[in-house]
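Same order as they appear, the protein sequences are chains A and B. Under my numbering, think of the first position of the first sequence as 15, with each following residue one higher. Under my numbering, think of the first position of the second sequence as 15, with each following residue one higher.
Some hints could be false.
What the hints assert, rightly or not - Computed footprint of chain A on chain B; a stretch qualifies when at least three of its residues, placed anywhere within it, have a C-beta under 8 Å from a C-beta of chain A: (1) 20-26; (2) 92-105; (3) 139-145; (4) 170-182.
Said to hold, decoys possible - These stretches of chain B come out as covered by chain A in the derived footprint (C-beta under 8 Å, 3 or more residues): (5) 33-47; (6) 59-68; (7) 77-85; (8) 151-158; (9) 212-225.
Said to hold, decoys possible - Here are some, though not all, of the chain B residues that point toward chain A, as calculated from beta-carbon distances under 10 Å: (10) A29; (11) F30; (12) G71; (13) N72; (14) Q109; (15) Y113; (16) L118; (17) L128; (18) A129; (19) T161; (20) A165; (21) H167; (22) D189; (23) V190; (24) L196; (25) A208.
These aren't lab readings, by the way, just hints derived from the structure by calculation. Here the structure is a predicted model, which means the values were calculated and not measured. Where is the CB? At the ideal position from N, CA and C, for every residue including glycine.
There are 2 protein chains.
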Amino acid sequence: MPDTRPAEAFEPSDAFRAALEQLLIWRRDERHFRCDPLPAGTVAALVATACLAPSVGNAQPWRFVEVQSPARRAGITQIFEQANAAAAQLYQGNQADQYAALKLAGLREAPVHLAVFCDEATATGHGLGRQTMPEMLRYSVVCAVHTLWLAAHARGLGVGWVSILDPHAVRACLDVPLDWSLVAYLCIGWPQEAHATPELERRGWQDRLTVDTLLQTR
Amino acid sequence: MPDTRPAEAFEPSDAFRAALEQLLIWRRDERHFRCDPLPAGTVAALVATACLAPSVGNAQPWRFVEVQSPARRAGITQIFEQANAAAAQLYQGNQADQYAALKLAGLREAPVHLAVFCDEATATGHGLGRQTMPEMLRYSVVCAVHTLWLAAHARGLGVGWVSILDPHAVRACLDVPLDWSLVAYLCIGWPQEAHATPELERRGWQDRLTVDTLLQTR
Numbered sequence: 015m016p017d018t019r020p021a022e023a024f025e026p027s028d029a030f031r032a033a034l035e036q037l038l039i040w041r042r043d044e045r046h047f048r049c050d051p052l053p054a055g056t057v058a059a060l061v062a063t064a065c066l067a068p069s070v071g072n073a074q075p076w077r078f079v080e081v082q083s084p085a086r087r088a089g090i091t092q093i094f095e096q097a098n099a100a101a102a103q104l105y106q107g108n109q110a111d112q113y114a115a116l117k118l119a120g121l122r123e124a125p126v127h128l129a130v131f132c133d134e135a136t137a138t139g140h141g142l143g144r145q146t147m148p149e150m151l152r153y154s155v156v157c158a159v160h161t162l163w164l165a166a167h168a169r170g171l172g173v174g175w176v177s178i179l180d181p182h183a184v185r186a187c188l189d190v191p192l193d194w195s196l197v198a199y200l201c202i203g204w205p206q207e208a209h210a211t212p213e214l215e216r217r218g219w220q221d222r223l224t225v226d227t228l229l230q231t232r
Numbered sequence: 015m016p017d018t019r020p021a022e023a024f025e026p027s028d029a030f031r032a033a034l035e036q037l038l039i040w041r042r043d044e045r046h047f048r049c050d051p052l053p054a055g056t057v058a059a060l061v062a063t064a065c066l067a068p069s070v071g072n073a074q075p076w077r078f079v080e081v082q083s084p085a086r087r088a089g090i091t092q093i094f095e096q097a098n099a100a101a102a103q104l105y106q107g108n109q110a111d112q113y114a115a116l117k118l119a120g121l122r123e124a125p126v127h128l129a130v131f132c133d134e135a136t137a138t139g140h141g142l143g144r145q146t147m148p149e150m151l152r153y154s155v156v157c158a159v160h161t162l163w164l165a166a167h168a169r170g171l172g173v174g175w176v177s178i179l180d181p182h183a184v185r186a187c188l189d190v191p192l193d194w195s196l197v198a199y200l201c202i203g204w205p206q207e208a209h210a211t212p213e214l215e216r217r218g219w220q221d222r223l224t225v226d227t228l229l230q231t232r
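Please model the entire structure based on the sequences and the hints provided.
Listed below in structure tokens is the structure:
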């Protein structure tokens, strides 16, 4: 078979593979941000990189909204606090104390709030690849969020994905089209600390599973 | 503020950032595989890396099933062909011809089939972070799939995400628990060619959108 790899194609090195593994090991869901602003153009650059993510039928259904208005940032923070207070009611005894002590979002400190939506009504991609699994459209947006997260971490930035939110209330607060469903609400900024271990593991909420048990053969 | 970054923390270089961008640019949804097998241990190594992905509440709900049985591989291929024939009926005229000419999966050639499920019944994570957005559990699995995809591409391997499948038929074919929902069915192998442009763009199905239009401010 002829070698059809073009001369300019990317050939990853061993050093790159090792560094990528380190990036994945040190990437955290960040809740402890410094308040200093990001360099101008950072959000646009991260969004441009995120748009390299895979998407079903090349539908690119990701829609990004940077929330700069103090009133809207405060509105989102309130939506989080209501949902978090309701979630706290689920736990009892020791676990309730543990939950109450967790810091689960950095909404007040993070210099950037970025909401990421899926445009459920997009005609882009012409429906390809999502007839039997329509959730593929939202999964494509998740791939963009994860791409942005890695690109941010490669710049030394932390990202926190806040999911303790009523997604309909967020959509109303941000005044976006009804066809857009919230996939992720992200806090972005400089992390206060670096850790190779998830905060929920360090605080005794949930350990890592043994990887061997997660792969089966059929 | 004291510097709380531990001495051994990963500090990405400019060269790493540039290489990561290249990895993202050259990552494709692959449908054209060479048939040669992967080195022993590759799938387990990729799964171990995928388990570094973020997950809501540290729930790690990802479950991986490598499909080695020829009968099951053939069963999945048949499920794909049925779904693809049904999807083809959606298009008319030129677009129908275009759809019929697309190669949308490499199920017959790819040396590895890897199904990725979400364990919807997992107690791991104790429900944290998914009361208002229960879909976060499946989104965590998508992050693991995307992590595996990048790790595979960093080894020169191609990954194709096949979504033109009845997910319930796949679950039955692979005999996995009813609480597991299919998130992704992946073909993994050596790609025949390298491209910086999506196949659906090269074949005129769907161009890239202009990134500027995808970011708004509120």
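Here is how each hint holds up against the structure:
1. 20-26: Our answer is that it holds, as 5 residues pass the Cβ test (under 8 Å) against chain A, meeting three.
2. 92-105: holds (count 5)
3. 139-145: Answer holds; 7 residues pass the 8 Å Cβ test.
4. 170-182: holds (count 7)
5. 33-47: Three-residue rule met by the stretch 33-47 of chain B, so holds; n is 10.
6. 59-68: holds (count 7)
7. 77-85: Contact hint for the stretch 77-85 of chain B vs chain A: holds, 7 residues under 8 Å.
8. 151-158: holds (count 4)
9. 212-225: holds (count 9)
10. A29: Where the cut-off is 10 Å and the nearest Cβ of chain A is about 9 Å from A29(B), the hint holds.
11. F30: Constraint on F30(B) satisfied, holds at 5 Å.
12. G71: Since chain A brings a Cβ to about 6 Å from G71(B), closer than 10 Å, the hint holds.
13. N72: 4 Å, holds
14. Q109: The hint holds - Q109(B) has a Cβ within 10 Å of chain A, the shortest such distance being about 7 Å.
15. Y113: 7 Å, holds
16. L118: 7 Å, holds
17. L128: Since chain A brings a Cβ to about 9 Å from L128(B), closer than 10 Å, the hint holds.
18. A129: 8 Å, holds
19. T161: 6 Å, holds
20. A165: 7 Å, holds
21. H167: 8 Å, holds
22. D189: 7 Å, holds
23. V190: It holds, given that the least Cβ distance between V190(B) and chain A is near 8 Å, below 10 Å.
24. L196: 8 Å, holds
25. A208: Cβ of A208(B) sits 4 Å from chain A, so the hint holds.
Checked against the numbered hints above, the structure violates none of them.
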